[in-house]
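K.L.:
Sequence:
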Amino acid sequence: MIRIGLRDARAHFPRFLMSIVAIALGVSFVIGSFCFRAMMNDQVDRMLGSNTDHDVYVRGVTERKDDASGASSGTSSSGSSLKTYNDVDVSLVDDVAKVDGVAKAEVTYAVSGSLVLVAKDGNAVSTMGSPTMGIGLAKGTWRSAHLTHGRWARDEGEVALHAFAAESARLKVGDVTKLVTPSGPKDVKVVGVFDTDSSQAGAIIIGLAPSVAKSLQQEQTGETGVTQYIGVYGSGNGGAPLTDAQQRELAARVRRALPRGSKATAITGDRLRDEYAQAIKDQLGFIQPLILIFAVIALFVGSFIIANTFSMIVRESMRGYALLRSVGASPAQVFSTVIVQALLLGVVGSAAGIGLGWGMVKAIVAGLARMGTPMDGAVAPGAADMLAGVAVGVLVTLAGASLPARRAATAPPIQAMNETVNPERSVVPRGVLGAVMIVLGAASWAFCLAIAAAGDGGEPTHVAFLDDLAARLGAGWPLGVGAGLVVVGVIVLAPTLVGPSGTVLGWLPSHVFPVTGRLAARNLARQKRRTANTAAALFVGVAIVSCLGVVASSAKTSVAGIVDTGLKSDFTAMSASSGRIPDDAVAAIDKTRGVASVSRSRMLLGVTYGSGDDAAQAMTFAEQPSLFSKVFAPVENSGDADRALKDGELVVGLTVAKDNGWKVGDTVRVNGRRVVVDEEATAKAQADYQTQVQDKVTGLETEARRLAAAGDAAGAQAKADEAQRVADEARDVDPSTLVRTKTETTHRRMRIGAVIENSVYRSMVLMNDKAAEKLADDSTMFTIMLFINMRRGADADAVKKRLVKAVKPFYVITVQDRNEFKSSMGSMVDQVLIILYALLALSIVIAVFGIVNTLALSVSERTREIGLLRAIGTSRGQVRGMLAIEASLIAVLGTLLGVVMGVAAGAVIQRVYAANGLERLSVPWDQLGVFLAASVLVGVVAALPPARRALKVPVLDAVDAD
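Taking the numbering used here, I'd label the letters of the sequence shown as residues 1 to 962.
A couple of the hints might just be wrong.
Distance condition first, Cα-Cα at most 30 angstroms in a straight line; then the derived DSSO-like pairs of lysine-lysine [as the list claims (entries may be wrong)]:
(1) 800 / 591
(2) 83 / 214
(3) 189 / 172
(4) 214 / 281
(5) 805 / 646
(6) 98 / 172
Distance ranges between label pairs, derived from CB positions [stated by the list, open to error]:
(7) 476 / 281: 19 to 25 angstroms
(8) 265 / 610: 27 to 33 angstroms
(9) 769 / 730: 56 to 62 angstroms
(10) 916 / 769: 47 to 53 angstroms
(11) 507 / 819: 41 to 47 angstroms
(12) 140 / 248: 22 to 28 angstroms
(13) 568 / 148: 24 to 30 angstroms
(14) 148 / 760: 43 to 49 angstroms
(15) 698 / 265: 37 to 43 angstroms
(16) 94 / 667: 42 to 48 angstroms
(17) 476 / 633: 29 to 35 angstroms
(18) 151 / 819: 48 to 54 angstroms
None of these hints come from the bench; they were simulated from the model. In this text the structure is predicted, and so the values were computed from the model without any measurement. Think of the CB as a built atom: it goes at the ideal place given N, C-alpha and C, for glycine as much as any other residue.
Model the full assembly from the supplied sequences, consistent with the hints where possible.
P.N.:
Encoded structure:
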């Protein structure tokens with residue numbers, strides 16, 4: 001039987017081609033997802049091994065519950081599985097450095113997102129999402145970094161560039177360029193170029209003088225004298241990385257040396273790298289499910305194509321199977337001949353999919369490299385990945401072939417010999433089941449909408465059990481369950497819709513093309529299950545794309561609505577450099593001719609509300625008292641927002657108020673931060689510096705006297721000159737380098753004057769500038785956005801041109817009018833649509849294969865019928881037209897079902913998340929119209945191969961066919 005199965009597979013190989021393609025597409029996405037995830041994981045491990053390469057790290061011992069302010073390093077773990085701990089005092093460096101086995105202990109200061117490098121052509125260096133980082137580097141600071149040209153930076157006028165950054169900016173040692181910092185652009189000279197042991201995935205890394213990096217980090221975080229980590233290099237291997245055992249031994253010694261009460265501990269470098277790697281991999285985890293969505297769609301549709309293919313093969317081979325049964329073959333043996341073909345098909349398709357998936361990932365990596373994000377992680381699939389791909393392909397093939405194989409095995413030999421076909425079973429029971437599932441899905445959506453309407457703490461149904469369920473699950477679970485039930489319900493119900501749909505959809509072609517249109521409409525209902533399964537290919541893809549299209553369109557419309565109804569200013573200004581706008585840029589805009597007023601929105605760092613462990617955190621902004629009268633119209637939930645802001649009271653977003661149980665009239669304790677000079681530490685630093693200089697001068701003078709006594713007058717004079725030079729340099733030292741600062745906590749009790757529910761401000765707390773300046777200073781408060789109003793009667797275009805010219809020297813400041821501001825918000829949504837169109841393209845490609853396969857099976861079954869039509873005068877064009885209309889009706893049916901389902905799901909999502917900014921429902925009718933038009937085109941294209949095959953058969957042979 002195996003030999004018979006292999007022989008049949010060879011004979012039917014041309015019929016298998018479309019099934020092989022479907023399996024290969026599905027498996028390629030499975031393999032691609034595994035390869036891409038493995039490549040990203042390998043890249044993360046390589047980068048962490050290079051970038052976090054200390055042998056031991058000293059960090060805090062108390063885990064932070066919420067790291068809203070970011071770590072002292074300027075990074076934040078928000079949204080990450082990485083645990084963060086209390087900051088440690090930088091003075092611990094001295095204690096750690098004295099430990100036996102420590103070669104170097106230091107704080108490496110770094111900033112990310114607040115710097116922009118200007119290229120040789122005068123334009124800012126941009127990246128494909130990778131950060132621009134400034135790191136304080138000197139000799140021995142970063143073991144994995146190696147100077148290839150020049151030296152490290154020594155002051156604020158110098159930088160050393162990573163090789164990729166230098167190449168991207170077309171800069172070399174000796175070139176002078178600009179570095180845009182939060183305080184504005186500065187001229188810097190490139191004094192060195194360095195490389196690292198691992199690719200930096202497109203990041204622009206700038207080596208700064210350690211003192212400059214320290215200052216920038218303190219400016220970014222508002223924290224001084226503390227750090228998240230102290231890095232330690234061990235001396236055990238002569239400068240090479242320590243082994244795991246050596247790291248544990250050194251970490252233990254460092255822990256014992258830490259002062260009691262320091263709230264610090266020491267961990268191995270491997271442990272920290274593992275923690276960071278896991279956190280980053282968790283954040284990148286969404287990529288694999290995203291790719292697997294494509295795989296699921298491809299394999300889901302592929303199973304229908306396989307089922308149709310084997311139905312065709314089984315029908316054509318039914319007489320042969322009957323002969324096998326007649327000579328003694330058992331049903332299991334007949335079943336096995338079909339399964340052997342399925343196994344072979346699954347293996348061949350899976351092998352092709354493995355190669356295609358590997359090639360797809362390599363193409364993605366090559367594309368990323370061309371776009372400025374080079375990766376050096378391994379991309380080859382592992383043995384486990386390939387086995388998984390083969391298993392998926394084979395299982396899907398077996399699932400698709402099992403029903404036709406069962407039909408071949410269980411058909412009575414006499415019936416099979418005569419090729420009589422049992423009439424199609426009734427689809428009514430299936431229709432009832434599908435309708436019930438759709439009703440249950442709709443009920444789940446209704447429950448979801450009730451939860452959203454009730455809000456936090458509300459009772460959506462007033463039924464205790466359901467209300468308790470809503471409190472535990474939230475709106476997300478009912479939304480997802482409802483969508484799943486509706487999708488499966490529509491697929492189950494679809495066969496019962498084929499007959500009515502053929503009548504309705506076939507009305508127009510039946511009147512335009514009386515003969516071919518009527519024949520096509522009638523043919524649609526001959527095999528309802530087959531037609532419905534084929535339409536399901538487009539249904540699933542179009543439903544997903546239509547749903548997300550409605551959400552995306554609603555998001556764009558909601559943003560536009562916020563601007564149209566709320567924003568009063570004529571222009572806005574923002575910065576691409578961590579959002580900070582330098583004071584000089586604000587002044588330049590304010591002096592621009594035609595500008596009447598400039599309102600600043602300033603963010604306060606590290607503000608908390610309450611005291612002790614119960615202190616709450618919220619994004620806090622300082623606004624000018626005229627915010628609500630000149631810039632943005634408030635949507636008040638309670639209180640008078642305009643009066644509250646002018647009177648120095650808090651204006652609280654609705655979400656923050658609900659989370660903390662606040663209401664108008666409550667008084668809350670507000671805790672801020674400001675950076676002040678630490679007089680005691682500064683005096684000590686100055687004294688230590690003077691002692692250091694005096695000791696060095698004394699030593700040089702002593703050496704000069706010794707050389708003079710020995711008769712070496714030249715040597716004595718050189719030492720004396722060096723002593724004088726050290727003394728002169730000490731007198732000329734910049735006093736600011738010896739100033740030490742500390743972070744001072746401030747407190748104020750403030751009254752809540754208003755609660756507002758604008759989606760922009762829902763998660764924020766606002767106060768006026770005067771109140772903010774009592775809590776923070778320039779080190780912990782910075783401008784992130786400007787709202788500009790022009791003078792009455794001024795020409796908007798002229799003012800816009802002057803504003804653009806005013807901010808040009810700052811490189812990263814963007815000025816936008818109202819329409820441009822709306823467009824910029826909408827462009828972020830447009831980027832998401834790219835994924836939707838890729839999903840739609842995949843659905844269309846696979847749908848074409850499915851329709852081609854279905855029509856090929858239909859043509860095979862109707863060979864005699866088509867021959868008779870041609871014999872009585874039907875033209876070749878009419879046969880092509882009949883099949884094209886039939887295919888188009890199938891495609892339109894799937895598309896319509898998908899559009900209806902997708903729009904309904906999108907509308908539900910919009911209502912559920914209306915409170916989160918998705919305030920307006922917008923259905924992209926033009927986009928949906930394109931989908932419908934494309935479905936007709938899909939049908940016409942899919943009809944070409946079956947029509948060609950039908951017309952190849954001579955009329956007499958077709959009429960004589962069994």
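K.L.:
Indicate, hint by hint, whether the structure satisfies it.
P.N.:
Evaluated hints:
1. With a CA separation close to 13 angstroms, the supplied pair residue 800 and residue 591 stays within the 30 angstroms bound.
2. For the given pair, residue 83 sits about 24 angstroms from residue 214 by alpha-carbon distance, which is consistent with the 30 angstroms threshold.
3. Restraint check for residue 189 and residue 172: the C-alpha separation of about 10 angstroms stays at or below 30 angstroms, so the hint holds.
4. In summary, the hint linking residue 214 to residue 281 is supported, as the alpha carbons are separated by about 29 angstroms, within the 30 angstroms threshold.
5. A distance of roughly 33 angstroms separates the Cα atoms of residue 805 and residue 646; the hinted pair therefore is violated under the 30 angstroms criterion.
6. In summary, the hint linking residue 98 to residue 172 is not supported, as the alpha carbons are separated by about 39 angstroms, beyond the 30 angstroms threshold.
7. Checked against the hint of 19 to 25 angstroms, the pair residue 476 and residue 281 passes, with Cβ atoms roughly 24 angstroms apart.
8. Restraint check, residue 265 to residue 610: a C-beta distance of roughly 29 angstroms satisfies the suggested window 27 to 33 angstroms.
9. In this structure the supplied range 56 to 62 angstroms is violated for residue 769 paired with residue 730, their Cβ-Cβ distance being about 42 angstroms.
10. Against the hinted window of 47 to 53 angstroms, the Cβ-Cβ separation of residue 916 and residue 769 comes to about 29 angstroms, which falls outside the hint.
11. Between residue 507 and residue 819 the beta carbons are some 44 angstroms apart, a value that agrees with the proposed interval 41 to 47 angstroms.
12. For residue 140 paired with residue 248, a C-beta distance near 23 angstroms keeps the hint of 22 to 28 angstroms intact.
13. At roughly 54 angstroms, the beta-carbon separation of residue 568 and residue 148 lies outside the given 24 to 30 angstroms, and the hint is violated.
14. Range check, residue 148 to residue 760: about 48 angstroms between beta-carbon atoms, so the 43 to 49 angstroms window is met.
15. A C-beta distance of roughly 40 angstroms is found between residue 698 and residue 265, which places it inside the suggested range of 37 to 43 angstroms.
16. Separation of residue 94 from residue 667 is about 44 angstroms and conforms to the stated range, judged on CB atoms against 42 to 48 angstroms.
17. Judged by the Cβ atoms, the range 29 to 35 angstroms given for residue 476 and residue 633 holds: they are separated by roughly 32 angstroms.
18. The hint said 48 to 54 angstroms for the Cβ distance between residue 151 and residue 819, and at roughly 50 angstroms that hint holds.
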